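Q: Kindly produce the complete structure, drawing on both the sequences and the hints.
Top to bottom, those sequences are chains A and B. First residue of the first sequence? That's 149 in the numbering used here, and the numbers climb one at a time after it. First residue of the second sequence? That's 8 in the numbering used here, and the numbers climb one at a time after it.
Be careful, since some hints might not be right.
List time: in silico DSBU-like cross-link candidates among lysine-lysine, alpha-carbon distance up to 35 Å [said to hold, decoys possible]: (1) B:K94 - A:K349; (2) B:K132 - A:K288; (3) A:K581 - B:K94; (4) B:K94 - A:K216; (5) A:K216 - B:K132; (6) A:K696 - A:K383.
Just so you know, these hints were derived from the structure itself, not from any lab. On a predicted model such as this, the values are computed, not experimentally measured, just so you know.
Residue strings, one per chain:
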Amino acid sequence: MIPLPSLVFGLLLLSLFLLGGLTLRLASRSRQQKHELEQLAEALRRSQEDAEQQKNKLARRSDLDIVKDEFISTVSHELRTPLTSIRGALGLLSAGLLGNVDAKAQNLLRIASSNTERLIRLINDILDLERMDSGRAPLKLRRCSIYDLARESVETMTAMADDASIRLELVCLPARDAIYFDADPDRILQVLTNLMSNAIKFSPAGSTISIQIDSDINSLLLKVVDRGRGIPPDKLEAVFDRFQQVESSDSSKKGGTGLGLAICRSIIQQHGGAIWAQPNQDGPGTTLWVQLSRSARASDAAPSSLIASPVQRGEGLILVCDDDPGIRVVVAEQLRQRGYDILEAGSGEELIALAKEQMAQAAQTPSTKEHAPVSPISGILLDLYMPGLSGWETLQKLKEEPATAAIPVVILSVIPPTERTLLAGEAQGWVQKPFNENVLLAELGRVLRTKGEEGPGHILLVEQEPKLAQAILAGFEEAGVRIDHASTLQQAVDRCLRGAPDLMILDLTLPDGDGFSLVDWLRRQPTLRTLPLVVYSGREISDAEMAKLRLGPTEFLDKAKVQPTEVEQLVLAMVHRLRHPAAEPVA
Amino acid sequence: MRLILIIDDEDDIREVAALSLEATAGWEIVTASSGAEGIRAAANPNRRPHAILMDVMMPGMDGPTTFRQMQQNPAIAAIPVILLTAKVQGVDQRRFAGLGVAGVLFKPFDPLTLAAQISDALGWKD
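A: Structure follows, in structure tokens:
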């Protein structure tokens, strides 16, 4: 039997021990919490600093862009003036209009003359690209026939082809009514003649260049097939970069500027299409592919009926808020042309007051015979950097106010849309300045159409390994998620053009290219460059590669660590987080 | 014989354009190096030009200003004017077209086809 004092002592000891342990644990937990709080505060401070730096950097960049635009425009004008005299003098001399010159002098004149022409083309091309990149060359869309445009280009290029003893052949597979699409005909002609001129330059005499047109319900496909020396596999993408030619002597030998394909790509992308090069399967030479949407994305907001009668009404009332009156005027004019009604605000404060008043009036005044109804605001275009209330603060206030919380907001800012998750979770759309008219219209149209909808997600899986793809697909199908599968780069591009997915799962190794070139392509598509992306790859990815692969919200899953069956869960969790950003902890 | 007035502040361009029109079309040329000088030359009753080819960017009165002044002057308002510009931006082109000029041609021009382009713009058949 244990003596009572010992028992009391034992109990006392035990409770002391327990109490001590508890205190220790409590102390340690509060230390841990304090530590976590400090970490959070640190993370917050860092992200604020980052945002500030980003903001300064972007403000500087936009100033730089303006200076650059003006510089290029002035330089090209200043270069044209002396070139006018040189071209004129050499042209008259080498044509022999002012008397004959001997053969040696004639040859020198020819050299000087042809190089002057080349310099002029170069200046024109640089200016052309600069205008497209800055969005100052909006497309003039109308209903066109790809066959007519191709035939016209062939006619234009026949003289050059004849000189090189090359035959141009035009093959049109689709029925006559399946060749119409919305496009800027002058720009498409520019692309087609450029592609043919390239093909002619690199084709052997006596060969045939085939121009083939094909189509399906959604898209038009045009191929220019040459039998030339071909493009090495590592240059297939690079030829679309500026001043990138397969051999460094090409520009002098072939008289090109090194900008032709960059311009083609810029034009096709403005049309919401794609252009790429592939080696021929059945022999030497290259095929240049152009894919164009039959109902061009750019025309979603501007169908041909609207173009025929530019001023229509009833698309909705848009409130444009920007402290720069110049931007307001341009935006307002472009939207009015497409049938939108416009209200303008020069500051965040003004916007909020105007929006509240308009919504209140719209709610109060029913339509009567004497008074036209006051329309509610369909959407807001909002600048981010404004004196007074910034765009972020304005957005916050709009969302706090019950009357204005439901109005969709499209951000119109110098900040690229890739930064959107970081900066403004509550905006429904994003257009980067300097903006392209068609992108603005398409984005606004998309936001107004999808207002309030949260349809089932549509996922695109890009994976070349059939068994792996099967396993991933099965997981999503069980969960009732719509998922499509592409096993090549080409298929992925096709699928994306048919309809933008809500998320892409991407394997980096593809039979006809790699994930990097696909991401590169996506980044150049106005409606795809913020696509949420999950990179599911078996190879190690460096930080630099990760940066190259980032689109919208991007996650990296390692095939070695994540089983195909787990992909579905992780991806759905990501989708959930994207839709409900508030549910995510700050850090 | 057609008489063309060329107005450009660049001596070299005046000379090349004049040579080109003389050599390719056989036209007769008078030149002026500023808008004001151009208006005086155009108003000369003894040598009234059939058309005026005028630079856009000139010190003092630029091309569009000179054109508007010409429109105020009944003696020269009817002479067709073609602007010759090194500016190729779409905005500029629309602005020029809105002025009511007979045509806009671009620098650097092709010396062998300049006369044909002018004839096209003016609807001259010969």
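Q: Taking the hints in turn, state whether each one holds.
A: A quick look at each hint next to the structure:
For a cut-off of 35 Å, the pair hint linking K94 of chain B to K349 of chain A stands: about 30 Å separates their Cα positions. For the suggested pair K132 of chain B and K288 of chain A, the alpha carbons sit about 32 Å apart, so the restraint of at most 35 Å is met. Between K581 of chain A and K94 of chain B the alpha-carbon distance is near 24 Å, which keeps this suggested pair within the 35 Å criterion. For the hint pairing K94 of chain B with K216 of chain A, the CA-to-CA distance comes to about 17 Å; that is within 35 Å, so the pair holds.
The hinted pair formed by K216 of chain A and K132 of chain B fails the criterion: a straight-line CA distance of about 45 Å is larger than 35 Å. With a C-alpha separation of about 18 Å, the suggested pair K696 of chain A and K383 of chain A falls inside the 35 Å cut-off, and the hint holds.
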